[in-house]
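Going down the list, the protein sequences come from chains A and B.
Its first residue numbered 1, the first sequence is counted upward by one per residue in my numbering.
Its first residue numbered 223, the second sequence is counted upward by one per residue in my numbering.
Calculated from the structure, these hints are not laboratory results.
A portion of the hints provided could be inaccurate.
Said to hold, decoys possible - Here are the simulated DSS-like cross-link-like pairs (lysine-lysine), alpha carbons at most 27 angstroms apart as the crow flies:
#: 1; chain 1: A; residue 1: K18; chain 2: B; residue 2: K521
#: 2; chain 1: B; residue 1: K589; chain 2: B; residue 2: K503
#: 3; chain 1: B; residue 1: K589; chain 2: B; residue 2: K521
#: 4; chain 1: B; residue 1: K589; chain 2: A; residue 2: K76
#: 5; chain 1: A; residue 1: K76; chain 2: B; residue 2: K521
#: 6; chain 1: B; residue 1: K521; chain 2: B; residue 2: K503
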Amino acid sequence: MSVISATDAVKIYESGDKTLRALDGVSVDVNAGEFAAVVGPSGSGKSTLLNLLGLLDEPSEGSVTVDGTALSTLSKRQRTDLRRETVGFIFQSFYLVPTLTARQNVAVPGLVRDDQSDLQARADELLERVGLGDRLDHYPNELSGGQKQRVAVARSLINDPDILLADEPTGNLDQDTGAQVLDVFGEITDEGVAILTVTHDEQVTDFADRTIRLVDGRLDDD
Amino acid sequence: MIESPLARFSPFLAFARNNLSRARARTLLAMAGITIGVVAIASLGMFGATLEQSFLDTSDDAIRTVGVSAGEDADFTLMGREQVAQVERYAGSGEVYTVTRSRGQVTGLQTTTSASLVSVSDPGTFVTAESGSIPDNWRSGVAVGAELADDIGVEPGDSIQIDGRNQRVVAVLEESSAASFVSTGDAVVLPPGELGNRASQVLVRADTPEQAFEISDRLDENLNSDRRTRYGVFDAESALDRFNEQIGLIRTFLLAVGGISLLVASVSILNVMLMSTIERKEEIGVLRAVGYHRLDIVKLMLYEAALLGVVGSIFGVLISVGLGMLMNAQLLSDPLAFSGQALQYTVLGFLFGTGASFLSGLYPAWKAANARPVEALRD
Chain A
1 MSVISATDAV KIYESGDKTL RALDGVSVDV NAGEFAAVVG PSGSGKSTLL
51 NLLGLLDEPS EGSVTVDGTA LSTLSKRQRT DLRRETVGFI FQSFYLVPTL
101 TARQNVAVPG LVRDDQSDLQ ARADELLERV GLGDRLDHYP NELSGGQKQR
151 VAVARSLIND PDILLADEPT GNLDQDTGAQ VLDVFGEITD EGVAILTVTH
201 DEQVTDFADR TIRLVDGRLD DD
Chain B
223 MIESPLARFS PFLAFARNNL SRARARTLLA MAGITIGVVA IASLGMFGAT
273 LEQSFLDTSD DAIRTVGVSA GEDADFTLMG REQVAQVERY AGSGEVYTVT
323 RSRGQVTGLQ TTTSASLVSV SDPGTFVTAE SGSIPDNWRS GVAVGAELAD
373 DIGVEPGDSI QIDGRNQRVV AVLEESSAAS FVSTGDAVVL PPGELGNRAS
423 QVLVRADTPE QAFEISDRLD ENLNSDRRTR YGVFDAESAL DRFNEQIGLI
473 RTFLLAVGGI SLLVASVSIL NVMLMSTIER KEEIGVLRAV GYHRLDIVKL
523 MLYEAALLGV VGSIFGVLIS VGLGMLMNAQ LLSDPLAFSG QALQYTVLGF
573 LFGTGASFLS GLYPAWKAAN ARPVEALRD
């Protein structure tokens, strides 16, 4: 069953008199519990695809559909709400708040929720799950790169998303800590959450259920 | 999520406070700017109010006194029983006193000088002894003004000669305020009646300045009803008006100085908040990505700006109250003699301080909220 899909998505960036077709008719379905990796040379449209599927941007042509709802029918506000309920994000540089502890960082996305009663318990539980149960009150500068990325993974799960979008999640990590993060990804997909990651890391593509290749804004099925 | 009393009240506010703790030095400097602005507004305003209060306190007696003397069309120069009775008739609730003035040669221990001689119907109301004392039922001896006593070198108990007559000095007087109707600094005050029974001036003293001005109007109207100025009636109304006008100018000037420093402070808040949004661009992008609405970001940034303002203003108010106590101690000889007006300025300073930082938070907050999440995340 597909969680998020893009159909014939085209994304055109205009700067001055130049236009750039970053995506040129791409169709992608991401199914529940699937781990998909997007690869391709730089400038091939990987990040653009991630932004579209992450509901951060709208396609110029074509459509993006979440659980049967077309993105184009939603207001900005509704899109933000849908994004909060559906998508979690993980970034290459973690982007943790340096003055907050691990558990506080995980809870940050929940601060704008109406019901915050079980927020803290949920944050602790997620940190346990990514193997950081003993690091709850550590600040980011007291954690290693792999631990920081696992805090970021816990944060991306706080709103119970259906899909995690990861932009080079192992890009700043060495082989071993990258493997730890991938193990966590494996557990998450086992629970039915889809993961779509942009990567250059072969370790990640080897681990993925499916690899989507992009060249010049098009799918490259060889 | 953050455990603190603030977080129990509002987790979002606690998050904002936490963000401010990131660049401690910058936060403290921005707050110091607001503190200085608030101190400038509040303490300068208080200074004006205290100055006014101090003036009113010291010249209170003069302001509520009306002086009546022979006018330019009078057929008398000194006022006898009949004229004093005229004044008493219209004085209403005011107390009526007579003053007789003259000049004479006064010889002390070493020197002789010309000085004014004053006799008042009730000396106790107008003069106070600094050393020695003025007897209740004063018949003989004289009191000498502080300056004159210094000039001719006499103390209570000494003898002086006035126009050749020997007199014993019973008291040296306290300095009277410059605005007083009966100035005694370089005068000799004689017992009532010693300068004759006719008065050079009749003084009417009311309870309040407003009553004094009323009495003055009434006297002028009734005593000079035939368009001839038989009596000269003087009150402090025009002097008070002039004073109020001047103090108003001083106060406006002080407030403007305070306002400018607050303006500078809000520019620094604007600067700090803008730097903070630029530094935290990615982080704000993440917040937007994980479901924060634009208004949530605006709220967060405004909380930060408002916190800077509130905390800075609280310090400003505390410092101003301290400064105000110093001023009160100096000018009103009571550190706690805050007038309602002086306290209004601390409230004004606080409101301006918080308001200014809130306003300077608006633009950075709007800018942060409108950065699209995608662009915010693009390196």
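Quick rundown of the hints versus the structure:
1. The straight-line distance between the Cα atoms of A:K18 and B:K521 is roughly 37 angstroms, outside the 27 angstroms bound, and the hint therefore fails.
2. Restraint check for B:K589 and B:K503: the C-alpha separation of about 10 angstroms stays at or below 27 angstroms, so the hint holds.
3. Taking the CA atoms of B:K589 and B:K521, the gap is near 12 angstroms; set against the 27 angstroms cutoff, the hint holds.
4. The straight-line distance between the Cα atoms of B:K589 and A:K76 is roughly 17 angstroms, inside the 27 angstroms bound, and the hint therefore holds.
5. Taking the CA atoms of A:K76 and B:K521, the gap is near 18 angstroms; set against the 27 angstroms cutoff, the hint holds.
6. The straight-line distance between the Cα atoms of B:K521 and B:K503 is roughly 16 angstroms, inside the 27 angstroms bound, and the hint therefore holds.
Comparing the model with each earlier hint shows a violation of hint 1 alone; every other hint is respected.
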